[in-house]
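Chain by chain, the residues:
Protein chains: 2
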Amino acid sequence: MSRRRFVTASAAAAGAVIGGEALADDLADVPAREPGGVLSAFSARSPYVHIGRIPEATPGKRNIDPADAINSKTPLDRLVGSITPTDLHYERSHAGVPNIDPAKHRLLIHGMTRKQLVLTPDDIMRMPSISRIVFIECTGNGWENWKKADPNLTVQNTHGLVSSNEWTGVPLRYLIDLVGKEARSAWMLAEGGDAAAVARSIPLTEEIMDEAFVAYGQNGEPLRPAHGFPLRLIMPGFEGNLNIKWLRRLKFGDEPWMTRWETARYTQLLANGKAVQFQLRMETNSVITSPSGTMTIRPGYNSITGLAWSGHGRIAKVEVSTDEGRSWQRARMNHPVLPKAQTRFELDWQWNGKPTKIVSRATDEKGNVQPDRKSFIAKTGTNALFHYNAQQTWSIDGDGKVSNVLA
Amino acid sequence: MSRRRFVTASAAAAGAVIGGEALADDLADVPAREPGGVLSAFSARSPYVHIGRIPEATPGKRNIDPADAINSKTPLDRLVGSITPTDLHYERSHAGVPNIDPAKHRLLIHGMTRKQLVLTPDDIMRMPSISRIVFIECTGNGWENWKKADPNLTVQNTHGLVSSNEWTGVPLRYLIDLVGKEARSAWMLAEGGDAAAVARSIPLTEEIMDEAFVAYGQNGEPLRPAHGFPLRLIMPGFEGNLNIKWLRRLKFGDEPWMTRWETARYTQLLANGKAVQFQLRMETNSVITSPSGTMTIRPGYNSITGLAWSGHGRIAKVEVSTDEGRSWQRARMNHPVLPKAQTRFELDWQWNGKPTKIVSRATDEKGNVQPDRKSFIAKTGTNALFHYNAQQTWSIDGDGKVSNVLA
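Quick mapping for you: the protein sequence lines, in order, are chains A and B. Each residue of the first sequence is one higher than the one before, starting from 1 at the first, in the numbering used here. Each residue of the second sequence is one higher than the one before, starting from 1 at the first, in the numbering used here.
If you are wondering where the hints come from, they were derived from the structure by calculation, not from laboratory data. Treat the hints with care, as some may be off.
Which copy is meant is left open, so a pair is good if it fits within one copy or across any two.
As the list claims (entries may be wrong) - The calculated lysine-lysine pairs, modelled on DSBU-like cross-linking and capped at a C-alpha distance of 35 Å, are:
id	residue 1	residue 2
1	K317	K366
2	K274	K354
3	K104	K354
4	K115	K401
5	K251	K374
6	K379	K115
7	K104	K147
8	K274	K104
9	K104	K357
10	K274	K401
11	K251	K147
12	K115	K147
13	K366	K379
14	K401	K251
15	K147	K61
16	K251	K357
17	K104	K317
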C-alpha cells in the first residue's frame with residue numbers, strides 16, 4: 001500500500017478515535033502548573049510504566065521462588081526499536097549472579113602460546129577497543145513451543161531469551177597476537193568466574209577470530225553483574241552460552257576440551273537418538289512482538305511489528321502473512337540493518353475483524369530462510385531442546401484476542 | 001602504526017604490568033565457590049561501579065541544592081561506545097521534571113491544517129514508527145570554556161550536555177499528512193507540557209519534515225520522565241531545546257511565533273551587540289573523553305578515545321594531535337558511522353612522559369571542519385553563550401596529570 005493511500009485510511013481511524021472528545025476539555029488537564037521534580041544523578045522510570053523481566057525455572061515454571069530461577073526473559077512485547085534496555089537484557093545463569101570485585105579479578109591467557117599473560121580489567125580497558133551492536137540469544141530460546149503451544153503465553157515467554165545491546169571491548173585478535181598463539185592451535189577454551197565455572201571450547205575460525213571480543217562495556221557503561229561484570233566474551237552470531245560471563249580464562253589448544261557444558265549439556269538430541277555437538281551458530285529467526293500473545297486488538301488499522309535476527313549476518317528481508325501463510329507482504333525494516341543484530345520490522349495492516357493468524361518469516365543476506373514449523377519439525381524432530389527457529393504464529397479470534405498457537 | 005608493530009610495542013607494556021605477579025596466587029581469588037545472587041526482573045549496576053550525572057545550576061555552580069539544578073551532565077569520562085545509558089542521558093529543564101499520567105496526556109495538532117486532531121499517547125503508539133540513533137545536544141554545551149578554562153574541570157563538566165540514544169516514534173511527515181497541513185504553512189510551533197511550557201517555532205524545511213519524529217521510546221523502552229515521557233519531539237541535528245519534552249501541542253502557521261524561548265532566551269549575542277535568532281543546527285564537534293581533565297596517565301601505551309558528532313550528517317574523519325596541534329593523525333572510527341549520531345574514535349599512542357597537549361578535530365561528510373579555538377573566538381566573539389564547538393585541548397604535565405586548558 002502506498003504511504004498516501006495508507007494515510008487516508010488511517011486518518012479515518014484516528015478521527016474515529018478522537019470523535020467524541022472536546023478539544024478544550026481534553027487539553028485542560030495537560031499542563032503542570034507547579035515545578036516538577038528535581039534534576040538528578042539518574043533518570044528513573046515513570047511510576048506509570050510497568051515493565052520487567054520474568055524470572056523462570058525450567059520451561060513453563062514461572063511462579064517460582066526467585067532462588068530457583070535459571071533465566072529471566074526480556075519483555076519483548078513491551079519494547080520498541082532494536083536496542084534492549086540494559087537492565088532488561090535477558091539472563092541465563094548456572095549458579096546465580098556473582099558479585100565480583102574488579103580489583104581482584106584476573107583474566108589468564110595461556111596454553112599453546114608463546115607466553116602466558118595475567119591481565120586485570122584495567123589492563124584490558126587500556127587496550128584498543130571496538131564497539132558493536134549485536135544480539136545474544138540463549139540456544140534454548142523458543143523451547144516452550146517445541147512440542148505444544150500454551151495459548152496463554154506471551155512473546156516474552158516464547159522468545160524472551162534474545163536481546164541486543166552495544167558491547168565494547170578488546171578484539172580477540174589483539175589478545176591472540178599479544179600472547180603469540182601457536183599456528184596449530186585451532187581451539188580456545190573460555191571459562192567463566194562464577195561458581196558453575198561454565199567453560200566452552202570455541203573453534204578458532206577466521207570469522208570468530210575477526211569478530212569475537214572481550215567486553216567490559218554494555219550500552220555505554222560497565223557491564224552489569226548479571227551480564228558478566230567485569231569481563232565477558234562476546235561471540236557475535238553464536239550460542240548465548242559461548243558468550244562467557246565473568247570471563248577468567250582463555251586457553252589455546254589443538255582440540256576441544258569436552259567440558260560438561262558441551263557433552264552433558266548444550267548438545268542437540270536428534271530424532272534418531274544421536275546427539276549433535278558444537279552446533280554453535282544461531283539461525284535465521286524472527287517474531288512478531290505486537291500484536292502478540294494475550295494482547296487484544298481493535299478492527300481497523302494495526303501496526304504489525306517485530307524483530308528479526310540471524311547468526312549468519314544481516315537480515316535481507318522480513319515478510320509477514322496476515323492470512324495464515326497463504327500470502328506474504330514485505331515489511332519495512334528500520335535502518336541501519338546491522339550484521340548479527342536484531343532488526344525491527346513493521347507492516348501496516350487493516351484488520352477486518354475476522355479470525356485469522358499472523359506470522360513472520362525472515363531471510364538473511366546469505367539466503368537462509370526461517371522455516372515454517374512443519375518443515376522445522378520434520379528436519380529436527382521433537383527430542384531436541386535447542387536452536388528452535390520455526391516461524392511463530394499468533395492466532396487472532398473474532399474479539400481481537402491474540403493467542404500462541406502452532407502452525 | 002601498523003597493527004603488528006603496535007602489538008609488539010604494547011605486549012611489552014602488558015608484560016610490564018604483570019611482571020611482578022605469580023600466576024597461581026593471582027587466580028586463586030577469582031572463582032566464586034558459592035552460588036551468586038538470584039536472577040531478577042532488573043539487572044542492577046555493580047556496587048563497585050560509581051557513575052552518575054552531576055546536577056548543576058548556572059555554569060561553574062556545582063555544589064548546589066538539588067532543587068536549584070537546571071541541568072545534569074552525562075559522565076562522558078566514564079562511558080564507552082556510542083550509546084548513552086538511558087538513565088545517564090543529559091537533562092536540561094526549565095521547570096523540573098513533571099510526573100505525567102499518560103492516560104491524561106494529549107497531543108493537540110492544529111493551526112493551518114485541514115482538520116485538528118487530539119491524540120492520546122496510545123493513538124501515537126499505534127501509528128507507523130521509525131527508530132533512529134541520534135545525538136541530542138544542549139546548545140549551551142561547552143559554555144564553561146568560552147572565556148576561561150578552569151583546570152579542574154572534567155569532560156563531564158565541559159561537554160556533558162550531549163548524549164546519544166535510540167529513539168522510536170511516529171514520523172512528523174505522517175502527522176502532517178494526517179491533519180492535512182496547508183501548503184503555505186512553513187512553520188510549526190512545538191510546545192511542552194511542563195510548567196515552563198517551553199515552546200519553539202520550527203521552520204518546516206524538507207530536511208526537518210523528512211527527519212523529525214514524535215518519540216515515545218528511548219533505548220527500547222518508554223521515555224523516562226526526565227527525557228519527555230510520554231511524548232517528545234526529536235529533531236535530529238538541531239538544538240536540544242527544539243527536542244520538546246512532554247510534547248502537548250504542534251501548531252502549523254506561516255511565520256514564527258516569537259516565543260520567549262526564541263527571543264529573550266536561546267538567541268546568540270554577537271561581538272557587535274546584535275543577536276542572531278534561529279541559529280538552530282548543532283555544529284561539527286568532537287572531544288577526547290580519555291585521557292581527559294583530572295585523569296592521570298602512565299608513560300607508554302595509552303589509548304586516546306573520544307566522541308565526534310555533527311548536526312550536518314555523518315562524521316567523515318577525526319584527527320588527533322598529540323603535539324599541541326603541530327601534526328595530526330587520523331583516528332579509527334567505530335562502525336556503523338550514523339548520520340547525526342555520536343561516533344566513537346580511538347588512536348593508539350605511546351606517551352614519552354614529557355609534557356604535551358592533546359586535541360581532536362572532527363570533519364563531517366559535508367566538509368565542515370571543527371574550528372580551533374582562536375578561529376572560533378575570532379568569528380563568534382565572547383558575548384555569546386551557545387553553539388560552542390571549538391577544538392578541546394587537554395594539557396598533560398610531566399607527572400601524567402591531565403588538565404583543561406584553552407589552546
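Comparing the hints with the structure gives:
1. K317 x K366: Close inside one copy (11 Å) and across copies (31 Å); limit 35 Å.
2. K274 x K354: Neither, since 45 Å and 65 Å both go past 35 Å.
3. K104 x K354: between (62 Å within a copy, 32 Å between copies)
4. K115 x K401: For K115 and K401, only the inter-copy Cα distance (33 Å) is at most 35 Å; the intra-copy one is 62 Å.
5. K251 x K374: neither (41 Å within a copy, 53 Å between copies)
6. K379 x K115: neither (46 Å within a copy, 56 Å between copies)
7. K104 x K147: Neither, since 46 Å and 44 Å both go past 35 Å.
8. K274 x K104: For K274 and K104, neither the intra-copy (43 Å) nor the inter-copy (59 Å) Cα distance is at most 35 Å.
9. K104 x K357: between (54 Å within a copy, 34 Å between copies)
10. K274 x K401: neither (41 Å within a copy, 62 Å between copies)
11. K251 x K147: The answer is neither: 39 Å in one copy and 55 Å across copies each exceed 35 Å.
12. K115 x K147: neither (50 Å within a copy, 53 Å between copies)
13. K366 x K379: For K366 and K379, the Cα distance is within 35 Å only inside one copy (20 Å; across copies 53 Å).
14. K401 x K251: Result: close neither inside a copy nor across copies, 52 Å intra and 37 Å inter.
15. K147 x K61: Classified as within; 16 Å inside a copy, 63 Å across copies.
16. K251 x K357: neither (49 Å within a copy, 40 Å between copies)
17. K104 x K317: Intra 47 Å, inter 39 Å, cutoff 35 Å: neither.
When the structure is compared with the earlier hints, violations turn up for hints 2, 5, 6, 7, 8, 10, 11, 12, 14, 16 and 17 and for no others.
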